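Undergrad: Spelled out, the chains give:
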Amino acid sequence: MGLKEYVLYRVLLTPVMLFVLLSFVFILMRVLPGDPITMLEGKNIPEEVLARRRAELGLDKPLYVQYFDYLYSLFVKRDLGETALERIPVAYLVASRLPATIELTVAATLIAAALGIALGLLSARYQYTGVQYFARFYSSVVYSVPVFYLGLLLQAYLAKPLGFPTTGRLSPVNMVAVDSLPVRTGFVFIDSLAAGRLDILLDYLAHISLPALTLGVYLSGVFSRVTYLSVEDAMSQDYTQAARGRGIREWTVVKRYGLRNALIPILTMTGLQVAALLGGAVLTETTFNWEGVGLLVYEGILKRDYAIVQGAVTIYAVLVTLTSLVVDVLYAYVDPRVRYE
Amino acid sequence: MPVPKLGKKAVAVAVVALVAVVAAYVALAPKPPKYKNVIVIGTTDSVQTTLDPCEAYDYLGVNIIQNMGEGLFGYEPGTAKIVNKLAVSYTISPDRKVWEIKIRRDAKFQDGTPLTAQAVVWSWERTIKLNQDPAFLIADLIEKAEAVSDDTIRVYLKQPFEETYVKSLLATWVAFPVNPKTTPMEVVKPPNTVDMIGPYKLASWKPGEYIELVANPNYYGEKPKTERIIIRFYKDAQSLRLAVENGEVDVAFRTLSPADVKDIIAKGQLQVVSGPGIAPIRYLVFNVKKEPFNDKRVRQAIAYLIDRNQIVNTVFMGTFAQPLYSMVPIGFIGHKDSFKERYGDKPNVEAARQLLRQAGFSESNPLKMELWFTPVRYTPAEPDIAAIIKQNLEASGMIKVELKSADWATYRSLFKQEKIAVWLLGWFPDFLDSDNYVRPFYHSGANGWLHVNYKNPVVDELIDKQVLQPTEERIKTLAQIQDIVADDAPIIPLWQEGQFAVAQKNVKGIVLDYSQIFRYYLIYAEVQG
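Sequence order for the protein chains is B and C.
Heads up: the first sequence is residues 1 to 341, going by UniProt numbering.
Heads up: the second sequence is residues 1 to 529, going by UniProt numbering.
None of these hints come from the bench; they were simulated from the model.
One should not assume that every hint holds.
[Unchecked claim] Straight-line distance between alpha carbons at most 27 Å, and here's what the computed BS3-like set of lysine-lysine pairs gives: (1) C/LYS416 - B/LYS61; (2) C/LYS129 - C/LYS144; (3) C/LYS181 - C/LYS223; (4) B/LYS160 - C/LYS368; (5) C/LYS206 - B/LYS77; (6) C/LYS419 - B/LYS43; (7) B/LYS43 - C/LYS404; (8) C/LYS290 - C/LYS368; (9) C/LYS416 - B/LYS43.
Quick caveat, the model's predicted, so the values are computed rather than measured.
All chains, full assembly: derive it from the sequences and hints.
TA: Structure below.
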């Protein structure tokens with residue numbers, strides 16, 4: 001398969017994957033007992049009022065009609081719908097929550113990369129010593145601990161002694177203040193900087209520390225392993241031996257020959273980790289009351305609000321599939337062997 | 001010109017004296033107290049629908065509306081007394097079917113438009129016409145309303161209802177006047193509300209994150225001490241507790257777990273304000289169609305076994321709840337401890353065993369049952385409560401209980417589809433009247449939502465009768481109803497929940513009372529300087 005065919009194949013496959021995923025979520029939500037109107041029940045609201053509310057949401061129609069309505073509204077009208085009870089456009093909700101998720105994932109990726117690459121390099125440099133054993137142990141432990149549990153541990157043992165806030169993106173007063181700043185991209189980091197509000201920025205940094213650290217530590221294990229393996233591979237090559245033979249210091253060799261060669265797999269892996277990253281973000285957001293798309297999905301599931309869950313998952317799915325498409329294509333471009341597999 | 005020596009001294013003395021006087025004045029003069037201009041209230045509640053009074057029907061949404069609006073009648077803070085609010089006076093026709101109500105002339109909407117009788121009538125008509133979730137609260141009451149003059153409303157009732165019953169319905173948020181000039185003829189969408197007459201108005205609302213209220217400059221009544229109120233939503237009790245302990249919120253109201261509150265009291269860094277438990281009640285429901293709970297003796301045996309005091313003392317530390325022996329809570333008109341009279345206030349194992357034996361159960365053939373609860377909707381202590389009830393019932397030696405739980409949506413569909421037979425529920429009143437504690441549960445024409453399947457024609461008739469009777473007779477009828485349903489025991493009342501708020505120490509003015517309205521406009525925080 002040539003590059004062109006490969007790209008075409010991947011591009012055509014993407015909507016199919018999306019379609020399958022969205023259908024799966026649609027069915028999954030309907031299989032769960034209860035519907036969005038359940039939240040209103042348990043009060044003596046007249047049955048005819050509840051029935052009317054169901055009809056307004058189209059919940060009285062047969063399932064297959066609801067399914068086609070959903071697909072029609074998504075693909076033809078490009079409308080994610082409205083929440084069941086409050087009737088807020090889901091697109092607005094997702095758009096207002098997306099920056100929080102992006103902030104968290106970017107910060108976590110930076111932490112994961114910094115921690116993971118450092119550990120990977122150290123264990124390549126100090127092979128078969130305590131350092132390497134520690135790194136291997138660390139990598140397998142952090143990746144196997146559930147991320148929400150890691151979050152709870154950090155909350156319990158780090159937040160209290162160090163005085164870090166554990167809930168939300170900002171303290172409530174600043175939360176309101178940031179929405180009235182002159183520049184509003186939704187990214188607190190940018191908005192507070194643009195307005196020169198260092199107090200808000202510091203408050204934000206205090207709030208993001210623990211959730212970013214949780215997700216970052218969780219992902220750093222993979223970074224550490226990939227870095228170690230790539231560096232080790234490079235270190236056994238002839239050109240590295242030659243460099244050593246020329247008397248270049250070991251650390252310089254590791255950094256110049258090992259790390260440079262490891263960068264491509266690390267970058268690829270980062271791309272491939274997007275799905276894991278976003279999945280981890282859902283749990284981290286829930287643990288830390290971080291108002292991102294993940295928390296929105298969680299709330300949507302509890303409320304059985306089909307539109308919220310489907311809308312948020314659609315956006316997630318688009319993000320994940322597009323990223324993996326870009327990564328795949330780039331990778332195929334860089335490494336022709338991929339295309340023929 | 002050289003200054004004489006004495007003159008220099010005199011100047012020095014004068015300066016020192018002046019400084020001393022000013023310093024003394026500054027130090028001793030009474031300083032006006034300073035208040036924080038913003039109070040942050042944290043909660044795990046959420047606004048489920050809108051902030052339009054014609055549609056809102058969840059605790060928080062309604063409570064916010066109660067801080068942004070007012071009705072013709074309302075409750076005096078700290079008491080259960082219904083007082084005139086936007087109404088000045090009223091007369092009732094001899095046949096009790098026509099009310100003529102005079103309203104205040106100095107009340108204005110947020111935009112400065114004066115309140116008129118026409119506006120009140122228009123608001124009611126809008127609510128009835130839009131027929132949203134809580135509309136029946138006034139739609140079932142009012143036949144017709146008309147503005148006789150700018151400040152007089154004539155209300156024709158559907159039936160000659162009792163006086164406090166009518167006033168308590170007109171005090172509900174559903175009957176709050178809204179500004180006809182700015183209110184659309186459809187339900188408003190979030191993040192928005194409608195213009196009402198109240199101490200606060202909506203400043204901003206980010207769904208799922210926060211709601212910000214600011215003092216309404218056109219309010220006729222006393223201005224709130226706190227200019228801004230921010231209501232911050234938390235996902236669960238754990239996050240809320242962390243937030244109040246970290247000082248991110250000034251007041252945490254609804255809902256921390258009783259165990260958390262106990263911890264907080266022990267640490268002593270925050271204050272815990274509690275109020276009477278009255279409106280939110282908790283109870284156990286049987287589907288009386290399902291075997292063996294279709295047998296009255298089985299239900300009665302269970303009523304004999306439940307130890308309300310144990311629940312209240314161990315789970316709620318005896319402070320945040322009190323045992324309840326009738327679905328009509330203590331403090332409401334006609335309340336009677338019928339369950340206490342019928343079954344006592346301590347478990348009576350012998351009486352229960354006798355009934356169970358009559359119903360065909362024994363130690364070797366125990367009654368096997370599932371007890372269902374939902375862990376998220378009510379108190380976080382729900383699993384502990386279910387465990388105590390299990391222990392109570394199993395003490396008989398003739399019952400084996402399996403505890404089961406599900407999230408609210410699943411739980412709701414389980415009892416709606418009548419797949420379960422015994423389950424725990426809670427009730428928040430729609431309006432503060434005993435009728436709202438008997439009709440939705442026991443009247444066969446109104447209790448369909450509960451799936452208890454209880455139908456007793458005598459009870460139905462008595463429930464219909466009591467709202468039309470003069471107060472004295474009504475009390476007697478209510479007592480009669482409570483006695484009958486205590487004997488039938490389709491529902492077992494368990495406890496009425498106390499209310500509590502956890503606040504920073506400088507926060508004052510938290511009033512938790514029978515009305516269940518959390519009044520933001522009374523809360524303030526003193527600050528140094």
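Undergrad: Are the hints correct? Go through all of them and say.
TA: Comparing the hints with the structure gives:
1. At most 27 Å may separate the alpha-carbon atoms for a hinted pair to count; C/LYS416 and B/LYS61 meet this at roughly 20 Å.
2. For a cut-off of 27 Å, the pair hint linking C/LYS129 to C/LYS144 stands: about 12 Å separates their Cα positions.
3. Note on C/LYS181 and C/LYS223: the hinted pairing holds, with a Cα-Cα distance of about 24 Å set against a maximum of 27 Å.
4. A threshold of 27 Å between alpha carbons decides the hint, and for B/LYS160 with C/LYS368 the separation of about 46 Å lies outside it, so the pair is violated.
5. Taking the CA atoms of C/LYS206 and B/LYS77, the gap is about 26 Å. The hint holds against a cut of 27 Å.
6. A C-alpha spacing of about 19 Å is found between C/LYS419 and B/LYS43, which places the hinted pair at or below 27 Å, so the restraint holds.
7. Annotation: proposed proximity of B/LYS43 to C/LYS404 holds, straight-line Cα distance about 23 Å (limit 27 Å).
8. At roughly 13 Å between alpha-carbon atoms, C/LYS290 and C/LYS368 fall within 27 Å of each other, so this suggested pair holds.
9. Between the alpha carbons of C/LYS416 and B/LYS43 the distance comes to roughly 13 Å, so the proposed pair stays at or under 27 Å and holds.
Violated hints amount to a single one, hint 4; each of the other numbered hints is respected by the structure.
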